[in-house]
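Okay, so the sequence shown: first residue is 1 according to the numbering used here, each after it adds one.
For the record, the hints were derived by calculation from the structure and aren't laboratory data.
Nothing here was measured: the structure is a model prediction, and the numbers come from that model.
Any given hint might turn out to be false.
[What the hints assert, rightly or not] Taking lysine-lysine pairs in the BS3-like style, the calculated list, with each CA pair at most 27 Å apart, reads:
| # | residue 1 | residue 2 |
| --- | --- | --- |
| 1 | Lys76 | Lys37 |
| 2 | Lys43 | Lys57 |
| 3 | Lys76 | Lys34 |
| 4 | Lys98 | Lys60 |
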Amino acid sequence: MKVLGIDPGIERLGWALVESGQKKFRYIDSGTKKTLKSEPIEKRLLDINNFLEGLIKKEKPDVLSIEKVFFSKNVKTALIIGEVRGVALMLSSKYNLKLLEFGPAEIKLAIAGYGGADKKSVHNMLKLTVSLPDKKFLDDETDAIAIACCGVIHSGALQMR
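Make the full structure from the sequences, and use the hints.
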């Protein structure tokens with residue numbers, strides 16, 4: 001089962017593709033999609049739509065796993081993240097992908113075993129359970145890998161035999 005994990009953001013959207021394997025996750029690819037602050041929001045959303053749609057058409061995931069909107073002190077930021085999520089949710093329906101949504105604590109619990117884990121602990125656990133390439137990851141990309149792995153776990157596709 002192939003899962004596309006998305007950490008929604010307008011400036012940087014994290015994405016990752018992970019498959020279920022035997023006792024481990026199989027890393028396929030990941031990255032960040034950046035949009036320009038100088039562009040109007042509708043152009044940035046279209047850019048994200050076109051990027052994700054191309055990724056879905058090329059990689060043909062079975063599941064789209066995405067982080068839920070979390071409480072934010074900045075209402076404007078929360079609304080924009082909601083708009084980015086809307087693009088992803090629409091694409092999951094358009095391409096008939098199973099949709100899984102997780103809050104930050106659910107993701108941390110699934111990956112690190114503790115819902116209050118910090119980003120470093122989650123990243124360290126990912127290094128133990130996913131064969132990651134030896135490169136520097138931005139937080140958005142690491143979060144997307146964790147979100148994709150959480151999707152694999154919750155879909156029951158990880159084989160622990």
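Here is what the structure says about each hint:
1. A distance of roughly 14 Å separates the Cα atoms of lysine 76 and lysine 37; the hinted pair therefore holds under the 27 Å criterion.
2. Taking the CA atoms of lysine 43 and lysine 57, the gap is about 21 Å. The hint holds against a cut of 27 Å.
3. Between the alpha carbons of lysine 76 and lysine 34 the distance comes to roughly 19 Å, so the proposed pair stays at or under 27 Å and holds.
4. Pair hint lysine 98 plus lysine 60 holds up; C-alpha atoms about 12 Å apart against a cutoff of 27 Å.
Hint violations for this structure: none, all hints satisfied.
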